[in-house]
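Participant: Need the complex rebuilt from these two chains, each delivered in its own frame; the hints are there to steer you.
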Amino acid sequence: MATVEQRVKAATANVLKIPDPDAIQLTDSFTVDLGAKSVQSIELVATFEEEFGIEMEEEAALSVETVGGAVAFITEVCKAQGVDVET
Amino acid sequence: MPDKKKTHPLQDANEPNLLTETYPHVLPPLIRFEGPVTEQIDGQAVTFDLAAVKTRPICITDTTFRDGQQARPPYTVDQMVHIYDLMSRLGGPNGVIRQTEFFLYTANDRETLDRCRALGHDYPECTGWIRAVKGDFRLVKEAGLKETGMLTSSSDYHIFNKLKFHSRRECMDAYCEVVDAALEAGVRPRCHFEDITRADIEGFVLPFAEKLMRMSEQVPEELTAKIRLCDTMGFGLPYPGVDLPRSIPKLIYKLNREVGVPSDRLEWHGHNDFHKVSVNAATAWLYGCDFANTTLFGFGERTGNPPLEGAIMEYIALKGDLCGIDTTAITELADYMRSIGLPIPDNYPFVGKAFNTTRAGIHAGGLRQDERIYNIFDTTRLLNRPPRVAITDKSGADGVAHWVNESLGLTGKNRISKIKIHRLARWVNDQYEVEGRLTAISDQEMEAKAEELLGEYWHANNDERRPAATETSGRSADQETADTDRAARE
Chain Z
4 MATVEQRVKA ATANVLKIPD PDAIQLTDSF TVDLGAKSVQ SIELVATFEE EFGIEMEEEA
64 ALSVETVGGA VAFITEVCKA QGVDVET
Chain X
2 MPDKKKTHPL QDANEPNLLT ETYPHVLPPL IRFEGPVTEQ IDGQAVTFDL AAVKTRPICI
62 TDTTFRDGQQ ARPPYTVDQM VHIYDLMSRL GGPNGVIRQT EFFLYTANDR ETLDRCRALG
122 HDYPECTGWI RAVKGDFRLV KEAGLKETGM LTSSSDYHIF NKLKFHSRRE CMDAYCEVVD
182 AALEAGVRPR CHFEDITRAD IEGFVLPFAE KLMRMSEQVP EELTAKIRLC DTMGFGLPYP
242 GVDLPRSIPK LIYKLNREVG VPSDRLEWHG HNDFHKVSVN AATAWLYGCD FANTTLFGFG
302 ERTGNPPLEG AIMEYIALKG DLCGIDTTAI TELADYMRSI GLPIPDNYPF VGKAFNTTRA
362 GIHAGGLRQD ERIYNIFDTT RLLNRPPRVA ITDKSGADGV AHWVNESLGL TGKNRISKIK
422 IHRLARWVND QYEVEGRLTA ISDQEMEAKA EELLGEYWHA NNDERRPAAT ETSGRSADQE
482 TADTDRAARE
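Residue numbers (the working numbering), protein chains in the order written: chain Z, 4 to 90; chain X, 2 to 491.
The hints are all genuine.
Pairs of lysine-lysine residues, derived as DSS-like cross-links and limited to a Cα-Cα distance of at most 25 Å, are as follows:
1) Z:Lys82 <-> X:Lys414
2) Z:Lys20 <-> X:Lys395
3) X:Lys165 <-> X:Lys135
Derived by calculation from the structure, the hints in this document are not laboratory data.
Looking at chain X on its own, in the form it has when it is part of the complex (with noise of 0.2 Å):
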């Protein structure tokens, strides 16, 4: 396309545009298309609607049971089923976090199916996880599971230098075999293409999906294959042009529309090696994969998997609807977490105690005029967790106005004035600037100076509410009863 130069004279305004048509506010910021975009596949330009995303039937899967906790100590059962009930309540009626997987091998596998089974909850369906082992069906079936995940590694690296396979043809009979024994004990399988960025595509991944779609025709579609597209190190790459295996329009093209598998037999399982988890995972459902699969908070073997609360937000912005998706139960599992010993850092997205607190005092003062300036949207109305700011020599009168409004909870023209802080931000300005203090100020201590200098507006508003400011959430029965759980443990 020749550079076209244009002129583009001012449009003057004396109301703000604040593309609310994207930043509604109420939702997070909205992903919208301004038409295809075209792929260089084998010399020949392929077009691709991502808009059509709005309609098609993408989902979330989760892996949290199994890749999460290959990244930390067991969970114990009662922690597990607290989780599923959770995620349950966050991925609501509609089913958007459609399955969650499991192990099967230990007594406590098999206790926490049961127990989260017993939940009574359509979704998020359960799932097992096993070795590419004939045998291994048989927990599958004794489980009364209708699908398994299983190991079928597509690269050279894992067929001939881990596996030992001696042939390309040896591996994909070994699997088919394998399929074969899924199939025969009624169970779905779901292959696991490991490695996939790093495989031969047109030498093994493409003919072995070939022979799965073979096999699937002479099944019932309940048990026909699916495919799981495992970014194991990280590799996939979410730019148009990327050669394959890297590619990951390329490689759902080419199962997708050259092998013919379906896109709700398609599912991405990324890693976070090259910090592209959450986009590689939103571009293979952009491309045709109907399932990203996905763990709480991207706990996962080494740098993590899709954290599932991105995917969450992601969904909402692709979708333009909460989808009966509870976005408050994001931050109940992230206290739940917490309370458990898994650490989030604090400036985490979305649950990390700093996500949506701000430290300078310019921003604190755009946070005051308008919310909006500075929350990426109304984390009040969607995570629990209204704007924060916390308290430090860049805070300014600002910054401790607006700290104290919310801490009392107070909006509008209820909100205290800076005029009326003076004494607190005096004894905030000389923290710094007179005995030369080097940390932030905490809640706690903010609290105790609030109520020591401000007198009447902090008891005034303090007596009717309690102060947020502590913690984000409050505490939850959930992290009381990850307390006892802890409790129980040690």
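Next up, chain Z with everything else stripped away, as it sits in the complex (with noise of 0.2 Å):
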């Protein structure tokens, strides 16, 4: 099973079109690094939510702003929701 860093790069990947999976970085903003515009910061939100059958509170979600920080923001949903992950 795919970690959830792997899972959030490849979701982040194909929201933001993005070819490589692995050329991003945990340390990437999704704005600045990846170019995210606002539309697509939701598209990211709703993509992750579905991908790991999660909610997610909303601001809390839209606050968060590197890939690294999604990882971490996920992973603790997912404990939080019983929704077990690879980490």
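Facilitator: So, in structure tokens, the structure goes:
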């Protein structure tokens, strides 16, 4: 099973149309480095919810700035909502 | 007063100060005064206590069916009766809308008057409007009216150049003859001092007003002459320090305090040629004139008159209370007016289709967090008009989310988050960025897309409530009546 990090990178690459998910760094900012625009930020959160089968609090989810931050945030939410994930 | 520099240290706070004593949100923003104001009149400092307006018996009068009709094709009888009925509900049982005036010349005029009175409302009281012709009092008497307005133009533009009098004396004598005829007929005269803001105040207006006061001393109180100050060309100015005849404070002071015309016999009638019509009417209230004359949505000769609905909001703001006013009738009146073909611009305050519609996404974000940030007051409560967002390239996901929630009537925790509407937000975004669209997206178009893209969220909520998106206040019985009227005319 893929790890949270791999799944976040894959989802991010899919939404932001990045050809190689492995090129995405944990330190990358969604907006500054990966070029996410307003609607794409929301699409990212929605995609993460679908990918992991979780519900995220809107304000908190949208305040996450980096890929690494998203990995940590999603891991926490999965844990809180009883969703098993590979870390 | 010498300039005095002060320091202003930051008063740090952890909680917002929303100034709710001025902005209660459940009412329009209140107008509060710090203290009296001083005006220089004839070299003397005269003090006015504007705050006294809160307890003074000010009210609104209406001329929608007279001046208001001079700017448009005639209303049908049914239309006028319906408008009168709604106007009565708007003004409430305390008679905040105290009077409305009617023409009396045609069979339709008289039928309208009879049918309005047959409704049995205490307010607005029906008054007449006639030429300053003695024979016209027969019409007033036959109609059973207690009061009528009459033209008594006051500027030399009118006295000499329009009415062709040879002297002011001849003019005043002619006016007084008609006033006498009114008093003899037992009809209260309301003298319309036309063009007062271009008149010689000391030379004609005040002497004529004094004469009217003397004539009124001979008759019972209910017949005493009233004076309507007609700013026929919209020249009146509200600012302190302005000279006569344009100064509204000075005009009212002279008539009220120097001549002694009581406040409850003074009425201001303005025009909007210089965009000052509403503030001028309020200024007249503040400086001692009890009546402000208005028309619905400001329809009137040329640029129009003080909008009645604006005066209603000003009244509430000055009084700090609804005083029995039913503000929701404003929306019904606007819907009705639109349905009978009167155009109301989309950005027109209080009733335009977009008056509380925001287009910028950043504003929609504010609305989503706290309605008060971008809504002037609780427009849902006072006007049955929830704040809305128009969907354009500037709307952003916040705007789309707000549109969805307002359309579904969802509030508080029931509101759908913008994450759940991301497909609709994407479609809106692509309309502009991919398709190159240049127009706003209509509510109908949005509804169709929401149904397609939001699936369960849209259907689950939409089944319980019809979206308020297409019409801000829905189709009312009044609109149905209006349609019937229109069909009958056609």
